[in-house]
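Participant: Residue-level listing of the chains:
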Amino acid sequence: MSFEMPIEKWASAVNTVTIGATSEEGGTRASTVTVGGDTTLPFLDFEGKSPNRPAIAMEVLDMPPDEWPSPLAEALGGVCQDPGAWARKCVEEVGADMICLRLVGAHPERGDRSPEECAETVKAVLGAVGVPLIIWGCGDASKDNEIIPRCSEAAAGENCLLGTAVQDNYKTITAACMADGHKLITEAPLDINIQKQVNILVTDMGLDPSRIVMYQSTGGLGYGMEYAYSIMERTRLAALGGDKMLSMPMLAQVGSESWRAKEARAPDEAAPEWGPVAERGVIWEATTASCFLHGGTHIFVMWHPRAVELLRKTIDSLVSQEN
Amino acid sequence: MSSGPDLCHADSAVKTPIVVFLPDGVCVEAEPGQTILDAARAAGVAIDSACGGQGSCGRCKVLVALGKPGGAPSGLLSPEEIERGMVLACQATVEDDLVVEVPLESQRSELKILTDEGRLEGEAARDVPLAERLSLRLAAPEQEGGGTGDDERLLRALQEARGEDFADFSIDLPALRSLPRLAREHEWRVDALVGDWDGKGVVYDLSPPSAREGYGLAIDMGTTTVVVHLINLATGGFVEACASLNDQVAFGSDVISRIIHAQEHEDGLQQLRAAILETINRCVAQATVRAGLDPTEVIAATCVGNTVMTHLLLGIDPAAIRREPYVPAVRSLPQLRASEVGIEIHPAAPICLAPCVSSYVGGDITAGVLASGIGDSPRLTLFLDLGTNGEMVVGQEDWLMCCSCSAGPAFEGSGLEYGMYATVGAIEKLSYDPDTDHVEYLTIGEARPRGMCGSGLVDALAALLRAGAIDRSGRINLGFPSPRVRVRKDRPEFVIVWGEEVGRPDDISLGEDDIQNLIRSKAAVYAGAAALLESLGIGTRNIERILVAGAFGNYLDAENAVTIGLLPEVPLDRIRFVGNTAVAGARLCLQGREARRRTEELARRMTNFELSLHPGYMELYVSGLFLPHTDLELFPATAERLGWRT
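Residue numbers (our numbering), protein chains in the order written: chain Z, 49 to 371; chain C, 6 to 651.
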């Protein structure tokens with residue numbers, strides 16, 4: 049008697065989302081990124097297909113970070129004054145699929161940069177690299193409502209990914225996204241119901257669900273990672289089960305969350321028993337990423353070049369050869 | 006020296022500050038440093054307070070007309086109000102003589118209550134009332150030999166009159182004391198008050214023969230509101246209803262804060278007991294005065310309340326209710342006497358308290374289940390009693406499960422800027438036509454609108470959702486093309502009634518914060534019901550009827566209640582609003598021994614389901630924080646009505 053593999057068949061699939069537009073598509077990108085389309089749980093290629101590789105974005109800030117742990121400073125310190133150069137390094141030297149530009153400098157308590165300055169930064173990064181762009185606000189709701197429309201306009205036609213729409217503040221960014229032909233990130237505080245609620249709210253405004261990527265405010269290793277993982281897994285199961293309001297691809301902020309942990313940052317003299325900081329932070333970030341890869345994340349926002357390298361290796365070893 | 010007026014006494018050597026409260030003109034001596042609210046309470050002046058004197062609700066605004074109070078000004082007051090001399094009574098202290106004016110909006114008004122006459126088809130099996138007034142004719146000793154005592158002749162008369170219903174009789178000592186003289190003075194005719202002690206008739210009072218009738222009280226002790234019905238025990242007829250805000254509100258708006266008060270203050274439990282008694286006795290006095298009765302003509306009372314209220318009424322420490330493993334001190338109570346409890350009616354009158362099921366499912370629910378008859382019906386019923394706590398019972402004649410969730414008092418109108426209890430002037434029904442921008446409404450008593458009660462709030466929320474004036478998370482759509490949508494003092498709101506149209510200084514509005522409050526309440530209720538049904542493996546389509554009890558108003562629009570996700574979606578004809586079932590149950594118990602026996606049985610039959618132990622409750626709650634719900638598939642007909650995709 050031959051053994052027959054029990055196969056789980058799912059009725060639905062994760063939405064396929066493409067970010068970036070080439071000149072034929074009305075933009076100026078040299079490449080685009082397509083994620084999603086999965087008809088099975090992550091890497092169960094005997095059950096269904098995951099036609100698109102997970103994508104790796106690297107984060108670029110519009111101003112140098114306040115306090116960088118030494119490994120990040122060593123890797124990126126030379127370019128952190130110039131978002132364009134920073135983005136170029138990520139693409140040319142590290143091979144990032146996308147750039148995630150986070151406009152922290154617009155925050156009223158940081159640089160309080162004007163919407164015009166932010167739009168200039170967006171243009172500079174678009175000019176510096178040919179990969180698709182994620183544009184992320186500063187986190188202050190009212191300031192984001194000023195800068196995002198301007199940045200969106202400056203990048204019109206580039207099919208960027210704009211973030212983030214949250215339950216308390218989703219209208220301005222959604223309207224900008226619809227007006228300028230971008231994709232949208234909806235964010236929820238590690239809560240599957242709120243995620244779905246935000247998705248409903250933005251689609252109720254008229255945004256097509258196929259233009260949404262979901263972000264559950266990630267928790268890094270040691271700081272709620274398993275919680276984030278289980279939310280991702282449940283979201284994926286909901287998508288495969290046919291819940292249209294949870295069928296969008298998922299994004300994870302791995303870099304910023306991992307490097308927030310004191311275990312990742314603490315200098316050698318502060319915690320000699322934890323091993324050298326030069327390795328520690330990178331492993332912390334790569335481990336978090338690896339976990340989320342298994343959870344079904346489609347877009348990783350990473351920081352350290354070596355963590356990116358490790359993640360790429362992991363992806364290589366997991367995705368089926370056909371892809 | 007003194008900036009205040011020297012009002013009631015002239016002794017300035019050791020001066021106790023005097024506070025005069027206007028418009029009542031009540032004068033009270035205050036301890037220096039005491040808050041104005043405490044002084045008012047001591048003077049019997051009713052000042053509104055929802056937060057229990059925490060300084061957070063801003064309801065106890067008073068105007069200091071003369072004198073200078075202590076304490077820092079509150080951030081809840083506008084600069085103009087401070088300029089005029091407004092203070093929060095719970096924050097301002099008495100340092101010197103004061104004249105305090107209590108403005109109309111801060112006076113705690115008596116509530117006019119819907120009596121719910123005839124809301125439930127009466128299966129009011131009136132058999133043996135809790136007490137009755139019997140006119141008896143005793144045999145004279147001359148007529149019989151054998152030297153029998155007066156007591157035996159009284160017992161024999163009782164046996165003849167009511168022997169069918171009582172297995173046995175006994176006579177209280179005070180009655181025995183009055184018996185020989187009364188009987189002889191009135192030619193062996195006496196009126197006896199006989200209480201039913203579980204089948205035994207107890208004579209607790211004797212009086213000269215008269216044509217008077219006995220009256221009883223059905224008392225619903227709500228966390229926020231106390232409702233009292235006065236009933237003619239001879240006929241079963243309704244005589245008067247009276248209601249009042251529970252004075253305990255001054256010690257906190259929910260049962261948990263009251264338990265904490267009882268624990269943290271030395272005489273906290275006594276204060277709470279005094280406050281509920283004061284509230285009940287005020288209602289009793291009002292009802293009897295209106296009916297032209299002496300309070301001693303009220304010869305029995307039944308009390309129903311949640312478990313904590315039941316403890317507090319009796320002065321039993323409720324502390325364990327709040328602590329793991331969350332048990333009450335008492336569930337079932339013996340029949341007591343009015344004087345023991347402190348209710349100011351006939352002092353020896355029997356008081357029957359409905360038994361509680363668990364720490365958070367109390368006698369009001371047992372009474373409600375009795376009144377709604379769900380324990381006798383083969384139909385699978387979901388019964389919800391929506392007050393400050395939302396309790397739900399699901400089951401039928403063979404089984405009953407219940408649970409309780411903390412819904413908050415939003416649907417009682419509390420905690421909302423223009424929310425109010427279902428009383429005169431409350432908007433209880435409304436609809437909105439976005440094409441004409443017209444709001445059609447109906448107020449209780451057809452009076453000038455003062456605010457919105459539960460049913461009006463349900464209608465408002467559904468109407469705004471339908472019109473698109475709010476999104477599904479309850480945020481006001483500021484782009485909505487109507488002048489009714491506006492931002493006032495940073496608060497996005499929708500104007501329900503323009504003040505100028507009804508001669509009010511301000512507009513009646515529903516703010517985004519109010520809406521969030523309502524959504525949290527309805528989500529808690531829905532989640533409680535969902536968790537209960539889920540744990541039983543019952544789908545909503547299997548529910549044959551939903552009975553909704555509570556103080557919403559005269560109507561509760563079933564479609565609107567489903568549209569906002571307060572109730573699970575079932576065919577609308579399965580939903581029925583049944584009003585205040587707690588007081589209805591209390592009335593049944595007042596009038597029937599079988600009803601009293603049944604409540605005991607029902608309390609024992611109900612299986613308590615502890616929501617706090619349900620791991621999925623929080624998630625069910627968050628998924629309910631949406632209109633009508635995050636999962637539209639649970640509301641397919643509603644989605645279709647509103648033209649939404651599922």
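No lab work stands behind these hints: they were computed from the structure.
Predicted model only: the values in this text are computed from it and were never measured.
Each hint should be verified, as a subset may be incorrect.
[Unchecked claim] Okay, derived cross-link-like pairs now, DMTMM-like style, lysine to aspartate or glutamate, Cα gap no bigger than 20 Å in a straight line:
#1 Z:K219 x C:E36
#2 Z:K97 x Z:D130
#3 Z:K219 x C:E165
[Stated by the list, open to error] Here are some of the chain Z residues that sit facing chain C, going by a computed Cβ distance under 7 Å:
#4 R136
#5 Q215
#6 Q245
#7 L249
[What the hints assert, rightly or not] Just a sample of chain Z residues kept apart from chain C, beta carbon distances all over 10 Å, derived:
#8 A59
#9 F94
#10 E165
#11 A167
#12 K171
#13 E194
#14 I248
#15 E311
#16 A314
#17 D316
#18 G323
#19 P324
#20 E327
#21 R328
#22 C339
#23 S365
Idealized CB from N, CA, C, for every residue including glycine.
Participant: Against this structure, judge whether each hint is valid.
Facilitator: Hints, one by one, checked against the model:
Only pairs whose Cα atoms come within 20 Å are accepted, and K219 (chain Z) paired with E36 (chain C) is rejected, the gap being roughly 55 Å. Simply put, K97 (chain Z) and D130 (chain Z) have alpha-carbon atoms about 40 Å apart, too far for the 20 Å limit, and the pair is violated. Taking the CA atoms of K219 (chain Z) and E165 (chain C), the gap is about 81 Å. The hint is violated against a cut of 20 Å. Annotation: R136 (chain Z) was flagged as interfacial toward chain C, and the flag is violated, the nearest CB pair being 41 Å apart, outside 7 Å.
Hint on Q215 (chain Z) holds. Least Cβ distance to chain C is approximately 6 Å, under the 7 Å limit. Interface restraint check for Q245 (chain Z): the shortest CB-CB distance to chain C comes to about 5 Å, inside 7 Å, so the restraint holds. Restraint check, L249 (chain Z) versus chain C: the minimum CB separation of about 6 Å is within 7 Å; hint holds. Chain C leaves A59 (chain Z) outside its interface by the beta-carbon criterion, the shortest separation being 14 Å against a cut-off of 10 Å.
Every CB of chain C is more than 10 Å from the CB of F94 (chain Z) (nearest about 30 Å), matching its label as outside the interface. Remark: the non-interface label on E165 (chain Z) is consistent with the geometry, its nearest Cβ contact in chain C lying 28 Å away (cut-off 10 Å). Residue-level check passed: A167 (chain Z) sits 24 Å from the nearest beta carbon of chain C, beyond 10 Å. At the 10 Å boundary, the C-beta of K171 (chain Z) stays outside the reach of chain C, the nearest C-beta of that chain being 30 Å off.
The Cβ of E194 (chain Z) sits about 16 Å from the closest Cβ of chain C, beyond the 10 Å cut-off, so the non-interface label holds. Not every CB of chain C is more than 10 Å from the CB of I248 (chain Z) (nearest about 6 Å), against its label as outside the interface. E311 (chain Z), annotated as away from the interface, keeps every beta carbon of chain C farther than 10 Å; the closest lies near 29 Å. No beta-carbon of chain C comes within 10 Å of the beta-carbon of A314 (chain Z); the shortest separation is about 34 Å.
Non-interface status of D316 (chain Z) relative to chain C is upheld: no Cβ of that chain comes within 10 Å, the nearest being about 42 Å off. At roughly 37 Å, the least C-beta separation between G323 (chain Z) and chain C is larger than 10 Å, which holds for a residue marked as non-interface. Separation of P324 (chain Z) from chain C is adequate, the least Cβ-Cβ distance of about 41 Å exceeding the 10 Å criterion. Annotated as non-interface, E327 (chain Z) keeps its C-beta farther than 10 Å from every C-beta of chain C; the closest such distance is 39 Å.
Residue-level check passed: R328 (chain Z) sits 35 Å from the nearest beta carbon of chain C, beyond 10 Å. Under the 10 Å C-beta cut-off, the non-interface status given to C339 (chain Z) relative to chain C holds; the minimum distance is some 22 Å. Non-interface status of S365 (chain Z) relative to chain C is upheld: no Cβ of that chain comes within 10 Å, the nearest being about 35 Å off.
The structure does not agree with the numbered hints 1, 2, 3, 4, 14 stated previously, though it agrees with the rest.
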